[in-house]
Amino acid sequence: MAKQLDRRRLLGYLVAAPTLAVAVDWTAALACPQATRAAVPSLPQPEEIFDLGDMQDLAAAPTSGLITVVVNGDGTASLAVPRAEVGQGMTTAIAMMVAEELDLPLGKVTITLADARPELLMNQLTGGSNSMRSMYIPVRAAAAVARQRLVEVAAATWDTDPALLTTRHGVITAPEGQTATYGELAAPAAARTTLTVTAQLKPQSAFTILGTPQGRIDARDIVTGRKQFTMDLQVPGAKPTMVARPPTINGTVVSVNNVAAVLAMPGVTDVAALAHGVAIRAEAFGQCIDAIQVIDVTWGPGTVDGQSDDTVEAQLKAALPDLTTPLSLLAGSVDAEFFFAFASNSPLEPDCAIADVRPGSAEIWSSLKAPIVAQGAIAAALGLPVSAVTVHVTEGGGSFGRHLFHDAALEAAEASQKMGKPVKLSWSRTDNFRQGRAHPMCVSRVRASYALGNVLTYEQRHTSVQTEFGHGLGDMVTATASKLPVAGGLALSQTIFELTQSSPYNFGVTVQALNEIPLRFSTGSMRNIYSPNVACAQELIVDQLAKKMGQDPVMFRRNFLKDQRLLAVLNKAAAAGAWGKAMPPGTAQGIAVHSEYRGAIAVLVDIDCTAATVTRPISDGVAGPRVTRALVVVDAGFTINPRGLEAQMIGGVQDGIALALTSSLHISAGIPLEGSWDNYFYTREWNTPLDISVIVMPSASDSPSGAGELGVAPAFAAVACAYARATGTLPTRFPINHAALGFTPLPLEPSTPQSPTDGLGNAF
Amino acid sequence: MPTHAFILNGEQVTVEAEDNLRLLWVLRDILGVTGPKYGCALDVCKACTCHINGLAFNPCSVRVKDIKPTDEITTIEGLPATVGADLHPMQQAWLDYDVAQCGYCQPGQIMAAVAKVKRAHAEGREITDADLDELRNICRCGTYSRIRQAVKAAAQKMTSPT
Ligand code: FES
Ligand code: FES
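Top to bottom, those sequences are chains A and B. Mapped onto this note's numbering, the consecutive letters of the first sequence carry residue numbers 1 to 764. Mapped onto this note's numbering, the consecutive letters of the second sequence carry residue numbers 1 to 162.
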């Protein structure tokens, strides 16, 4: 299929503009099977649930569905891409696509993030690892058309055959030696009216940039401090704003009892009660924090008051369906139940948004993976038409699922409207853990049976606190559907579960199913939705089956894996990672495989669970077992940027280590106890493997697979399997240190603690 | 409002600010120097790490009144000038190893790493994995292994004969 696509002449439009501009209808390109096999369910019928009038108007606009590559007078090319950049390297990969087809150096391509464009319908969602797959053909097509147009204009100028001209590094050369730069041709090549043209994509064999390791295009801005995140933007009048928050999740404001006293504090300009807190605007963020110490609010109840880890787990267990597989007298079996604690999807950058709401219009800046949904929700909340709300997508300091939602943007809009002034609203670190989205607690019950060297049945019943999919598929249609009682949340989540979870093993009768309980925590996906937990439970059971059936874990997987690509990554990992080597007591290897988003991956880790390592002194952190080495072998289809893929795998390993060993939220009386990074134990330097290597498998495929989330599940599973082998006990509760609360919780009020003053004493 | 003076990235600056305002907000909200990032304001995440008189510290947890007029504050923006180059060797190593993902932690990581290496060198030794285990900077994107490679490579350049 992909081969045919490459050979196919792709359609583009020369758009009237001062310099050459080429647009491609990439929503049409998405209609090819290559792109639509993303992990998304078929849509509920929009007509049934949503008035399409507004949207049809938008969809009829001349720019509908188009992305546009512009060649500028300085010889650079630029593209505003309808996706979020949150560290995953999307902008670099897109720049590589443009540079490749245009024959332009990578440094001459500028990628910006497009504002919310409602006419793109469900095509402006950064999630499900789909960016590379959906953008690969259309972006290249636009660049290829641009290159062809430049060549044709040069050929006409020189009165020669375009086929004789060559392009390299942004320069067109004729056999007779004439040259012209793209910059010189950018204006002459511009179209006066819209023209339809076709062009052919380069064959993979001609690639010089795609498929080669490239550094991030924003690396220099990052290391010099120039890269701007939301909080760094200077929007006139948008002063620092923070929110005093209730002591339970989604609590409400009954009354603010000392508004005058707070307004009299240094720098404070405004105080406004919001749905779930009281916003304080000041000249500096430190003054907002000071005011949060002083403000006196009477709070109303939240949505999960009284719920704690124990009560939630009890409800999950009560909702767990019985396993239905009958146990035969002739068959052996493995039964286990696994518990996974709540986990925070907070990135390092606290949720932040700028809002400037005026009478009749609003302008918003925030890192948003589903900006169309944010735009619709904000317009509804402000009582404005969608067309009056401009939503700018800013660079995000990580996401991990958090930026699928627009909580901070909606709150900033509400604050700006109530204050009548622009605000730069940041959540505090403590807000991010306590009131921010979390991956829900879940329990997986598994039973597998075997006889005569075969696994006969595999049944996995996964029960979870519901995961919110309020972002739907990034458009207002499914975002609305996910909230409806009939076509809504549970049905959509079960569909997504079915589409994303499948056993890679020949285990006879296989059942994997999801069940959710409707507790109203603020939830969301976290660098994948179900896979890390489901795969961890599954791979632990696979090791148990291997043990009971007297087989080595790698040999067992070889015998039962269905997929040749998984077999290949498994074999490569076992060989390159010296599977089976002799290891000292208290240490062991673990291996796991995973397949998703049409990628195949194996992770092999060495873990050290010796007393010396587990009890090494670490202040305000968890020592615990240390993964000393990790090896990732990945087949992600055609790899656009091997260096970027490697970075995603390294990050996935660190996430997997955190999920297996250290990072979780402890819910107590309706709120998490965690309030800082010294409470929420994400992997730190003292936990990281000293050696992480990534092997990218050569791929026969010419289309990229999604990879942003691929590494987390197998890394989590491999660490769990290694822990089981090193300690001789099957871990069933994750993360393994969850039972012991390793910190003293910060007070619930004030909701954001005062900053220390002794920083100079810690200088080094 | 009280006035405070100090040396910022080689230049004498004077700001009006409440005594208790933490230096991070003086830098970011008053002076518009946004390289140091806000990650917690609790002296935990280390995203705001800068240098004071060459030592790494966290301005989110220092009152502006505790800074003396003679104190030299260096943010990521001023780091290259400390070696008289376009980029400090640590920044160059960050590019060579393509360390950053989202980049939010990286200004702080670089500032902390420079101080850590300088301290090891002052003690007459090379940077070790045990030193690197002591770095408390969070990277939620999980770039730790590339950070370690880059710090070790930059440490070599930082000792190279002058
Ligand atoms: S912001 Fe200063 S240590 Fe986190
Ligand atoms: S690069 Fe994203 S937090 Fe470190």
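Note that these hints are calculated values from the structure, not bench results. Please note that the accuracy of each hint is not assured.
[Unchecked claim] Just so you have them, the derived chain B footprint on chain A, three or more residues with Cβ under 8 Å:
#1 219-229
#2 324-338
#3 346-352
#4 419-432
#5 746-760
[To be verified] Chain B side only, calculated, beta carbon under 7 Å to chain A, not exhaustive:
#6 Phe6
#7 Ile7
#8 Gly103
[Said to hold, decoys possible] Here are the in silico distance ranges between beta carbons for each label pair:
#9 B:Asp129 x A:Pro213: 49 to 57 Å
#10 A:Thr181 x B:Gly84: 52 to 60 Å
#11 B:Lys157 x A:Val614: 56 to 64 Å
#12 B:Asp129 x A:Gly73: 44 to 52 Å
#13 A:Pro585 x B:Gly124: 51 to 59 Å
#14 A:Ser619 x B:Asp96: 31 to 39 Å
#15 A:Pro518 x B:Ala5: 53 to 61 Å
#16 A:Ala578 x B:Gly84: 43 to 51 Å
#17 B:His121 x A:Thr732: 41 to 49 Å
#18 A:Val294 x B:Ala5: 52 to 60 Å
#19 A:Pro236 x B:Val83: 30 to 38 Å
#20 B:His121 x A:Ala669: 22 to 30 Å
#21 B:Lys157 x A:Ala700: 35 to 43 Å
#22 A:Lys317 x B:Gly124: 53 to 61 Å
As the structure is a computational prediction, the values presented were derived from the model and not from experiment. Glycine included, every Cβ here is placed at the ideal spot set by N, Cα and C.
Evaluation of the provided hints:
1. Note: the stretch 219-229 of chain A has 11 residues with beta-carbon separation from chain B under 8 Å; the three-residue rule is met and the coverage holds.
2. Judged by the Cβ-Cβ criterion of 8 Å, the stretch 324-338 of chain A is not covered by chain B as claimed, because only 0 of its residues qualify and three are needed.
3. Coverage of the stretch 346-352 of chain A by chain B holds [criterion: at least 3 residues with CB-CB distance below 8 Å; count 5].
4. Counting residues of the stretch 419-432 of chain A whose C-beta sits closer than 8 Å to any C-beta of chain B gives 3, which meets the bar of three, so the coverage hint holds.
5. As drawn, the stretch 746-760 of chain A meets chain B at 7 residues by the rule of a beta-carbon pair under 8 Å; at three or more, the given contact holds.
6. Proximity of Phe6 of chain B to chain A is violated relative to the hint, the smallest CB-CB distance being about 13 Å (cut-off 7 Å).
7. For the restraint placing Ile7 of chain B at the interface with chain A, the shortest Cβ-Cβ distance is roughly 16 Å, beyond the 7 Å limit, so the hint is violated.
8. For the restraint placing Gly103 of chain B at the interface with chain A, the shortest Cβ-Cβ distance is roughly 3 Å, inside the 7 Å limit, so the hint holds.
9. Between Asp129 of chain B and Pro213 of chain A the beta carbons are some 26 Å apart, a value that contradicts the proposed interval 49 to 57 Å.
10. Taken as a hint, the range 52 to 60 Å is violated for the pair Thr181 of chain A and Gly84 of chain B, whose Cβ atoms sit roughly 35 Å apart.
11. The hinted window of 56 to 64 Å between Lys157 of chain B and Val614 of chain A is violated, with their beta carbons roughly 36 Å apart.
12. Between Asp129 of chain B and Gly73 of chain A the beta carbons are some 51 Å apart, a value that agrees with the proposed interval 44 to 52 Å.
13. Against the hinted window of 51 to 59 Å, the Cβ-Cβ separation of Pro585 of chain A and Gly124 of chain B comes to about 37 Å, which falls outside the hint.
14. Separated by about 32 Å at the C-beta atoms, Ser619 of chain A and Asp96 of chain B satisfy the suggested range of 31 to 39 Å.
15. Under the hint 53 to 61 Å, the C-beta atoms of Pro518 of chain A and Ala5 of chain B, about 58 Å apart, fit the expected range.
16. Against the hinted window of 43 to 51 Å, the Cβ-Cβ separation of Ala578 of chain A and Gly84 of chain B comes to about 47 Å, which satisfies the hint.
17. Our hint of 41 to 49 Å for His121 of chain B and Thr732 of chain A holds, since their Cβ atoms are close to 48 Å apart.
18. Look at Val294 of chain A against Ala5 of chain B: about 29 Å separates their beta carbons, and that is not inside 52 to 60 Å.
19. For the pair Pro236 of chain A and Val83 of chain B, the supplied restraint of 30 to 38 Å holds, since their beta-carbon distance comes to about 36 Å.
20. For His121 of chain B and Ala669 of chain A, the Cβ-Cβ distance of about 50 Å falls outside the hinted range of 22 to 30 Å, so the restraint is violated.
21. Between Lys157 of chain B and Ala700 of chain A the C-beta distance comes to about 41 Å, which sits within the given range of 35 to 43 Å.
22. Between Lys317 of chain A and Gly124 of chain B, the C-beta spacing of about 59 Å keeps the proposed range 53 to 61 Å intact.
Hint violations for this structure: numbers 2, 6, 7, 9, 10, 11, 13, 18 and 20, all remaining hints satisfied.
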